[in-house]
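Participant: Letter by letter, the chains look like this.
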Amino acid sequence: MALNRMRTTVQSAIAPPRKGETFELRAGLVSQYAYERKEAIQKTIMAMTLGKDVSQLFPDVLKNIATSDLDQKKLVYLYLMNYAKSHPDLCILAVNTFVQDSEDPNPLIRALAIRTMGCIRVDKMIDYMEEPLRKTLADESPYVRKTAAICVAKLFDLNPSMCLENGFLERLQELIGDPNPMVVANSVQALAEINESAPETNALQITSNTLKKMLMALNECTEWGRVTILTVLADYKNTDVKEAEHICERVVPQFQHVNSSVVLAAVKTVFLHMRYIGPELSKSYLKKMAPPLVTLVSSAPEVQYVALRNIDLLLQKQPEILSKELRVFFCKYNDPPYVKFQKLEIMVRIANESNVDQLLAELKEYALEVDMDFVRRGVRAIGQVAIKIESASERCVNALLDLINTKVNYVVQEVIVVIKDIFRKYPGYEGIIPTLCKCIDDLDEPNARASLIWIVGEYADKISNAGNILAGFVDGFAEEFSQTQLQILTAVVKLFLKKPQAAQGLVQKVLQAATADCDNPDIRDRAFVYWRLLSNTTDQNAPKNIILSEKPPITTTIKSLPPALLERLLGELSTLASVYHKPPEQFVGQGRYGAEALQQAAIDEQIQNAKEAPIAAAAVAAAAQGKPAAPQANAENLLDIDFDGAAPASSTEKPPNGMTGLEGLAGTPQRVASPAVGAPAPPQNNMDDLMGVFGGNTNGNTAASSSGFGGMSDSDIMNGFAGMDLSANHQPPPPQQQLNGGKKTNEDLLSLF
Amino acid sequence: MLSGILVFNQKGENLIFRAFRPDCRPRLADIFRIQVISNPQVRSPILTLGSTTFSHVKHENIYITAVTKSNANAAIVFEFLYRFISLGKGYFGKFDEEAVKNNFVLIYELLDEILDFGYPQNTDVDVLKMYITPDNISSAIRSVSSTTPGDSVSRITMQATGAQSWRRGDIKYRKNEAFVDVIEDVNLLMSATGTVLRADVSGQIVMRAYLTGTPECKFGLNDQLLLNQVGGPSYGEIGNRDGSRKATKAAAGSVTLEDCQFHQCVQLGKFDQDRTISFIPPDGEFELMRYRATENVNLPFKVQAIVREVGTTKVEYSVAIKANYGAKLFATNVLLRIPTPLNTAAINNRTTQGKAKYEPENNCIMWKIARFVGGSEYVLSAEASLTSMTQQKAWSRPPLSVNFSLLMFTSSGLLVRYLKVFEKGNYSSVKWVRYMTRAGSYEVRF
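Taken in sequence, the protein lines are chains A and B. Mapped onto UniProt numbering, the consecutive letters of the first sequence carry residue numbers 1 to 753. Mapped onto UniProt numbering, the consecutive letters of the second sequence carry residue numbers 1 to 446.
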């Protein structure tokens, strides 16, 4: 009966609003019949869910709070939590019921009362919370105690001083010693949160005694409680080797838990404490870690994705842990793309001499699929393997040549880009150049064209018809993308230096076109530099020495994170930061709740400034972005979607393609999808990549240069703004980023050669 | 942690909106709708806009979304969403739009219980069902007016938080029985040339326990490490696992489990120490453990597929399937899905056993064999005629997949050696064991 009634209720509530709906609801809420009142409350909640504002019913709903019906009570409480802020004065009417309920003989009701009180964020309510909270923290029922423990965190969020004055923190610390494991877990959780939002309280201090208690509770509490405890343990700085060993020993059994978040938390804890213990022991732990990690790969796709991103991090630190498990990462036909892409990256990471054949066969299979994006990544992976494993390079090149013969347009284009990288590592494969040149007419993507032209320029002396090929490109110079234009320019100059007679006319023509008819300053400037160099008469060899200088081979094309950032992210395993591979400040406003206040302050400041000096205000706004610390947060929050009235969905995220972050201000929604997907086929900057050899010198790691600012777009003009990039100012910037600004320009200059 | 849980239907209507922290604003529902539901390009389950992160899971015809504002634990978020789904299934049978709409009050109630301030609490279906009951007119605990809630409530709350939160103490059965089902999913990926690219088994052991009191159970498998440990010298330091595996590889009748995961009732510490599985089971059905095995996988079926594209208008199929198990056993519901090109017009087929049907909506031929006796081999030959298309696009050749279930057979070779029940009452109990192998993703490329 009741169920049926509810069903009709729901349907009627979902129907489009009729005239005077609020009126009807109000009539129902004050009806003399209990069931009508209950029905009206349900309808009100439904309307609330649909996003209608039913706050004007507040007094009428409140009248129903004193009820013996637990269902109805819960619904009224739900309403209260949502709308308390709209009627702070009336909340006082509910206080009495809450206080009464918190002394009810039924523990479920005591817990409900204290749980809800904490969620009603109104000063009046907080004033009355002290007594009930004190009582429930010492309640005989563990169910009430565990609820009260969380409530302390809620109270601290609202009114820290009250929490401190009443000694709730000390009570919470005592609860770590509670006999009930769930109370322990919730107390630890509450303390951890308080500690995070206000480190000065030192709320969560782990002594050997509390450590013992947490380890005891670990084996008994719920799965979620285990994650809580494990996370705290992971952050704990162990005092000596013995303690680290002890923690690892106690945590390792959790690898066998069925809940993957427990497994990941356990992996994190062991991984972080492992470095303090002996190499033998830590090696054995690494070995133990592999099977559970592999098991995670067969979980639900979303969980799998999180696991794969984390495995990627672990592999960057410990490349050998999964080297025997390559097959597990083979993509299934119906894996979602985000999982497939990540699996590909991991497979390349664990590739070694013994499994490379298997991997190549699999990658060739992928290159024949139909999903264009996936195919490209598959081809790219073959190239990465070739550069990673020297002994396999020949097989990889053969595989790539096979792919060229498929004549599938996008496969061929990607292969060309990949082969260009192979030449940068192994210049000896020049025998395949004729095959490449045959597909010259099929290439329509700037990246592929640029790559081929680079190859032609590089091997101009070996290719008999290099002049003809390049002449064709020079004829269509004006129609090319700037990225390709740059390469044409460089290649022609290289050709001229290698075969001066043959290319005399061509070089004239291209320099003329680049300087006279081209609007792009990069191309023009590069052409002028070449021109100067070539017309230099004092040192005949100068152009050759500079432009044809020997370039060191690249070491890898697999993206890796800079060590400092990696170290940081390993401490964030299984969190969002580990999924994005970015430090948390880059996507979280500083301080969880502080954000609101800061935001308000920022808005006030702007208004104030605007009043005083309209023009200066704009300048301040711009300057605010330049400052690193506090004003940073303001600027960020202006972009946040919490800011009513501004751009609805702009991002504070580091824009993936080397944009300035100013896009957000312009109101363009800037999405931060997960990285594997965020930049589908990232426009791997040709220039950056080709000439990254110079970056390689400064850091010994070319890959880092292409990953640190991976998608540095070809619009080099943007680099000028790199310094203003919001994210570049974050603390502490990884070393790679510090070099950022300087190196980019550096590279651009060098890329002339 | 979690700032809020939102549920949407496919049209983007917000069915459930429950904020756990003040930073989860109603407006976020609109943002999610615009940015994810009505955006066909979204391919990632995680999306961060500003400092708000939406993590969503799609189930049946609803989106279940978690909103987080901090650097939350992504693994928890998704595990929790999936737990929420299984909770919904446990309560309503099916967790879809209709179930949500019809039970929204109950769902709010559940959410209130399983998340506090965004931190997951006890999410065990059986425990929750004791105090959050599906029907509205029910037990004493729901009514506050029953002035003496007495023991029952406090016992429930004790249990909801206790060390053995999964079992009541006062269970009585006249006949003490325990059923053990070993269910294995075989995953296979075979290349076109017939080499096995990947073969593994993910198994689960489901137990139905109808036992009086608080019995302590010990469970034994023919797990190699366990056997090794029982027979040989003690299984000392952690590092020698690999060594011991090699040493006894030849030992017949034992399997190597790559990894196992246990229900929360199993004492993980004991397992880690000496590989014994001991536990106090929940009442009724539960999943005792899951495991993975990759070595010596017995593949029940061998499939050979020859597919030739003749010109642009015809594809010829010849598919042979052979059973690799004893003649006494038989598999049921064997179903082969043989993909066909998108522009298939008609199919001619002949089979030596079972029925084959072309299903244009799925672009495949479905070949069903109801009963497949061990050792036998069947063949399907077919010819697909294709309509010509103006734009010739290559056919992706998705892999052929097989479905089946096979009783009294384990691909990994796993056997239950014993199940011992110890209880104060010292009663005798009856145990039943059943084995089944099913197809997980059993795929053959061609």
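One thing to keep in mind: the hints can contain errors.
[Said to hold, decoys possible] So these bits of chain A aren't anywhere near chain B, every CB distance computed over 10 Å: (1) TYR33; (2) ASP71; (3) LYS74; (4) LYS146; (5) ASN159; (6) PRO253; (7) ARG275; (8) TYR305; (9) VAL588.
[Stated by the list, open to error] List time: in silico DSBU-like cross-link candidates among lysine-lysine, alpha-carbon distance up to 30 Å: (10) A:LYS438 / A:LYS425; (11) A:LYS287 / B:LYS11; (12) A:LYS43 / B:LYS11.
[What the hints assert, rightly or not] Which residues of chain A face chain B? A few of them, derived with a C-beta cut under 8 Å, are: (13) SER55; (14) GLN56; (15) THR147; (16) ASN166; (17) GLY571.
Think of the hints as simulated: they come from the structure by calculation, not from any bench. From the three backbone atoms N, C-alpha and C, an ideal C-beta is built for every residue, glycine too.
Participant: Does each hint fit the structure? Answer for all of them.
Facilitator: How the hints compare with the structure:
1. TYR33: holds (16 Å)
2. ASP71: Answer for ASP71 (chain A): violated, closest chain B Cβ roughly 6 Å.
3. LYS74: violated (6 Å)
4. LYS146: violated (6 Å)
5. ASN159: holds (14 Å)
6. PRO253: It is violated; PRO253 (chain A) is separated from chain B by about 4 Å at its closest Cβ, not greater than 10 Å.
7. ARG275: holds (17 Å)
8. TYR305: Non-interface label on TYR305 (chain A) violated, nearest chain B Cβ at 6 Å vs cutoff 10 Å.
9. VAL588: violated (5 Å)
10. A:LYS438 / A:LYS425: holds (23 Å)
11. A:LYS287 / B:LYS11: Roughly 47 Å between the alpha carbons, so the hint for LYS287 (chain A) and LYS11 (chain B) is violated.
12. A:LYS43 / B:LYS11: With Cα atoms ~21 Å apart, LYS43 (chain A) and LYS11 (chain B) stay inside 30 Å; holds.
13. SER55: violated (11 Å)
14. GLN56: Status violated, d = 16 Å.
15. THR147: holds (6 Å)
16. ASN166: violated (19 Å)
17. GLY571: violated (11 Å)
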